[in-house]
Amino acid sequence: MWELIRTNKRNSILLMALMAVVLLVLGAVLGMAVVGPEGGLFGLGIAAAVWLILTLVSLSSGDKILLAASGAKQVTHDVHPQLFNVVEEMKIAAGLPAMPKVYIINDPAPNAFATGRSPQSASIAVTAGLLGRLNRDELQGVVAHEMSHILHRDILYVTLAGIMLGSVALLSQVFLRSMFYGSMGSRRRYSSDSRGGNQAQVVLVVIAVAAAILAPIMAQLLYFALSRRREYLADAGGARLTRYPEGLASALEKIASDPAPQLTTAHSVTAPMFFANPFKRRRQQGLSDLTSTHPPISERIRILRGMSGGASYKDYAQAYAAVTHGRNVVPAAALTEDPIQIRQGQAGPLGPESTPMQVHQIGDIMRRVNGFRFLTCDCGLKLKIPPDFPAGDVQCPRCRRSLAVRPR
Amino acid sequence: MVGLVTLLVVLGILGLVAIVGIGIYNGLVGSRNQVDNAWAQIDVQLKRRHDLIPNLVETAKGYMKHERETFESITKARSAAMGAQSVSEVAKSEGQLADALSKFMLVVENYPELKANQNFLALQEELTGTENKIAFSRQNYNDQVLFYNNKIQMFPSNVVAGMFVFTKRDFFEVETALEREAPKVNFA
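Note that the protein sequences, when read in sequence, are chains A and B.
So the first sequence is numbered by this note's numbering: it starts at 1 and just counts up by one.
So the second sequence is numbered by this note's numbering: it starts at 1 and just counts up by one.
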């Protein structure tokens, strides 16, 4: 486990260093283009300052910003006991020092993410659509996948790398827009300069424009490389924690075939944090592997289903090699552990028809999150009492019985 | 003069041995506390299962009039499990309790009205969660016991362990075939 975390750390630091180089070079080139050849250091300083400020903000309150932006609401055990139990089970299996906070997102698209700086202060958020569609084993698989992200310290690295990507994108955008809108005025000023300086300046501006266009793409490719590998590792960790790869595979299958529209609150920078790529409709077809934050779902499923011998990292690595014919994703140090047996499923036969939960039930999950109460009348009708309803009696609209609403 | 040097050397060696010994001793105490802590975590979940059972039986009784034996075997297994003291006793009686519960859950399949009862479903979810937590914390406990027992038996820590009477701990091995697989609670 610790070797795995350490290897992860080294790879992440390497990738982030490359992104930092991209960011600083971009800053220097833009500085030279705007101010002149002596402005390189100035631009570099600006780039570093932007990055530093964004990093500090994200480290101090990045998880809260992300959760708020996704419309996630923190819930207690009463709101969704099953989700809460499953998170606690995985917390015990992972040996996490503290119980993560549990959030539900009001969205019919099935997805989930984890966030937080450290295992001590982590949060796990799932959408109402996920809760409505998955059975207990599948939910356990998804939560275990997110728990592995927490355990591998992925959240911290993905956040930091996302900030770096954001800084690069921000600088490029500001420069390109100022070039576009300011091109008229600045041309005049350049021509009144001395001839030689003008020539050099034009070359610099051309280089800067090229850099401003290319740098975000490069940073994005690095970012994607980092996040794809982590998804495989989190799948391996999830299978290991639950000792039941089929649960995770079946959850991925349901998510891939889900008819709900894509997640409304996702953004390209937050995409790698999700369990499955939130932009599946638009992106998954045709585009190459390089531009995706997540490995293809069908491949993830085939690897998990290929784990026949056991649920350890070694079994995952073997299945991975068999399916992709690629080199190993799991660091060698994690392959020496003891074999882990696969256990039996609990939720009965798995399949799309095993959880016949309807859209209105997903709505009920959200009502419960928002403080609604439910009263079941003797005639079988379920009354949904809004949170601001005053205590007193309410009449059942079907059978006219009077039901007591207790004050809270 | 030679005597003084010899004395100093002997004192130095003794000091070194003492420092190493203290380090080993502290390590042993640390891993014994880990074992105790892991056991406490299992204990919390076992107690929770004991607390859930009366509610479950009460809710089910109204629907299952002709299953006296099933209820009796659960109640008996529960009181046996609550009285168990040593780790092996607890493992044995909890295994029997898990067996009784899984038989009960199989019988529940014949009562669709009970399976539709919201209260019962909630209790069933709690029971499944508790069974899983027991299974996962058992894993953790056995890992800690293995680590601790290895320390007690291996040189040089076995010397310190022998001096201060650190005793081996039992693994929490479940006794029934059913429990060895997975808690068989069906809620499809």
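To be clear, the hints were calculated from the coordinates, so they are not data collected in a lab.
The structure displayed is predicted, hence computed values, not measured ones.
By construction, the Cβ of each residue, glycine as well, lies at the ideal position given by its N, Cα and C atoms.
There could be a bad hint or two in this list.
Pair ranges (Cβ atoms, derived) [as the list claims (entries may be wrong)]:
{"#": "1", "chain 1": "B", "residue 1": "Lys47", "chain 2": "A", "residue 2": "Ala98", "range": "16 to 26 Å"}
{"#": "2", "chain 1": "B", "residue 1": "Asn55", "chain 2": "A", "residue 2": "Gln120", "range": "32 to 42 Å"}
{"#": "3", "chain 1": "A", "residue 1": "Asn370", "chain 2": "B", "residue 2": "Gln153", "range": "55 to 65 Å"}
query = Among all the numbered hints in the text so far, which are the ones the structure does not match?
reply = Every hint satisfied by this model.
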